[in-house]
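Participant: Okay, here's what each chain looks like letter by letter:
There are 2 protein chains.
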Amino acid sequence: MADVTNGRRQPTLQDLANVVGLTANTISRALNDRPGVSATTRALIKAEAERLGYVPNVHARSLVLGSRKTIGVIVTNISNPFFSDLVSEVELQAQEAGYTVLLLLSYESAERERDAIDRALRSGLDGLIAAPVQERFNAWTPVIKAGIPLVLVSRELPELGVDFYSTDNEAGIRLTTDAVLALGAKDVVLLDEDMPFSTIRLRIEGFRRSLERHGLPFDPRHQLALVPPARSFRVSQSWHADDAYRVASDLLDRGRRPDAFVVGDDYYALGLYRALRERRIRVPDDVLVMGWGNHPFTRFMEPPLSTLLLPFQEVARRATRRLLDRIQGTADDQIITERIVPELIIRASTTR
Amino acid sequence: MADVTNGRRQPTLQDLANVVGLTANTISRALNDRPGVSATTRALIKAEAERLGYVPNVHARSLVLGSRKTIGVIVTNISNPFFSDLVSEVELQAQEAGYTVLLLLSYESAERERDAIDRALRSGLDGLIAAPVQERFNAWTPVIKAGIPLVLVSRELPELGVDFYSTDNEAGIRLTTDAVLALGAKDVVLLDEDMPFSTIRLRIEGFRRSLERHGLPFDPRHQLALVPPARSFRVSQSWHADDAYRVASDLLDRGRRPDAFVVGDDYYALGLYRALRERRIRVPDDVLVMGWGNHPFTRFMEPPLSTLLLPFQEVARRATRRLLDRIQGTADDQIITERIVPELIIRASTTR
DNA sequence: CATCTTTACGATAGCGCTAATGTTGGGCTA
DNA sequence: TAGCCCAACATTAGCGCTATCGTAAAGATG
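Protein chains in written order, with the UniProt record's numbering: chain R, 1 to 352; chain Y, 1 to 352.
Derived by calculation from the structure, the hints in this document are not laboratory data.
You may find that some hints are simply not true.
Since the list can't tell identical chains apart, any single copy or any two copies may satisfy a pair.
Think about it this way: if two alpha-carbon atoms lie no more than 25 Å apart in a straight line, the pair counts; the simulated BS3-like pairs of lysine-lysine are [stated by the list, open to error]:
hint	residue 1	residue 2
1	Lys186	Lys145
2	Lys145	Lys46
3	Lys186	Lys69
4	Lys69	Lys145
A quick note: this is a predicted structure, and the numbers were derived from the prediction, not measured.
With the hints as extra help, turn the sequences into a complete structure.
Facilitator: In structure tokens, the structure reads:
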């Protein structure tokens, strides 16, 4: 077989045209199922393309079409099951729409986030789905300026004026807190991360309101146990559980004996369980424990942990659809803010 | 300020050239720090580019340079901590080398894998890191044909003749099995997935050899408990643990009382623990349990699970470096096959 | 002061593709 | 059979960038 590619690796449209005896344009129309080619030549061309292993050059195609059929996803780390589920679902949705996914990780670092945004801009993406690291929104303004559709998830930046999809943290904390209060808990402690995220602030605020609705006092010194921020976001590690173990142990050793714990992450419950077990405090008899996130191991904890199923798949689905609508120009010009209510999962840790 | 972009969204090199009064060529040289521009004009150009928010068009750049500075990663699902760690590390390494990462998921489906490969080829990637779904290698030959550097991880396809990096499954199963045998176990059961992967075959084979080295018989009907393949790979779920629970319960209810379990995934140990607990079989007093993977929850199981730390980060690091070497043409033409030995982590579940 | 070199830039071409516009010839109608 | 239409192709141009070569002016050299 003659080398149609003139020594180049991949055959081009022109190579195909030379072989078939037609012009590159016709080949392009044939392969992309555009009109203007007879059925027989179309078949011939497709067969020849297959035979030569022709793969269209996306660089050229992207250049002329102005699109790469790629959306970017910026999240802090995919070791967090929430984000891995989110990214998985985005990939699935994008793939079905003929888009591929560029993954950029920020590792909870503002600097890395800035870098990720920069790389996203330089990658010629059609759109971007992002869970921002921080409260400062101006890191994202270049994306807006560049006219690249942006949809935020998980953490809101209202100043940006872009679509936002998230799990409903307020509804979530209300569901979990009310569940233990309904069982008669009078002294509930919220064990959560000590970070200045809007999500966490919303949780604390919602927690406070739930207590007050039930006529219970809220004193931050008594009702809050804050876990120092995690140190590494690179790998799936259990520092969360460790830190929670330490914080819970301290609290218990200071003689505090709440009758219920509500936590901001299932991993905290893992550490909390150990602290309680060591002190022979029984769940649920002596204390109720309510998780957050429905991590895969929670069903197998002893006792099985009541927790909150976060609808991250649904968040991802809606965010991706919205982004694709924006990319394809089929979106209305309204700015959507949706918070999807999570689902309470009651297991033995809050059953009496 | 005059609209230099003629109504287009993003300013181009030409726009910049018009503003500064030079040619696009000079602008390009200035911005990319290539010689042929005086220091003063270079500074001027950069300042102007900054002012106008100029972002180079990657599509055009990729077309002329023939590279997109992007590597693809094909894995089955990122809900598996192994793969999420792998992808994270690849992203980190790639990013440091100035590359971005395109994520493609195959969900353990041969069909989806084929589609992912197809999309990878059409995405104009510079290279590809992949954990194949199946044993059939011909799905990957188009990648080789297209001349795109490919590095496999986790699952080997020797016929392809490409670099391969993995954790050492044989060494791993030897480490875990020998650990329980060293404690005097005489009747060990391997609880593993019932799938035709080379990794699992290697585990079973290594398990058999370990038994025989210790003068113990290996009868598949007694020493093997196989868990049906997982049903969904989309989300982080605990079907693994469920299935293992069922298989272990069956085994125990048939009256089998092995003195040690070695499992192929920490999630199996989670289900196994429950099956044992329900039958008041104590770990480690009545039976030893050895995990696999060092999932973040294992330290907090009761008793803490001995397990195997899989060096997925190291695998990712080496694979990425090798791929980048291949892309940049700095690799020798040898085909590397490396298996990195995992690290045994002894906890209470195998302590007497 | 003629010649050579160097610096700083411009002019041109082309990467591989698609969109827009031409061109041809065969079939149809009146 | 003149006139028209339309399917099936070709021709041309251009997306935004970089590489290559060309050129004018300034400086170096004897």
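Participant: With reference to the structure, classify each hint as holding or not holding.
Facilitator: Right, here's what the structure says about each hint:
Within a single copy, Lys186 and Lys145 get their C-alpha atoms no closer than 51 Å, and across copies no closer than 69 Å, so neither meets the 25 Å cut-off. Taking the closest pair of Cα atoms, Lys145 and Lys46 come within 25 Å of each other only across two copies (19 Å); inside a single copy the shortest separation is 41 Å, beyond that limit. For a Cα distance limit of 25 Å, the shortest separation of Lys186 from Lys69 qualifies neither inside one copy, at 55 Å, nor across copies, at 58 Å. Taking CA atoms no more than 25 Å apart as the test, Lys69 paired with Lys145 passes in both settings, with 20 Å inside one copy and 24 Å between copies.
The structure is inconsistent with the numbered hints 1, 3, although it conforms to all the rest.
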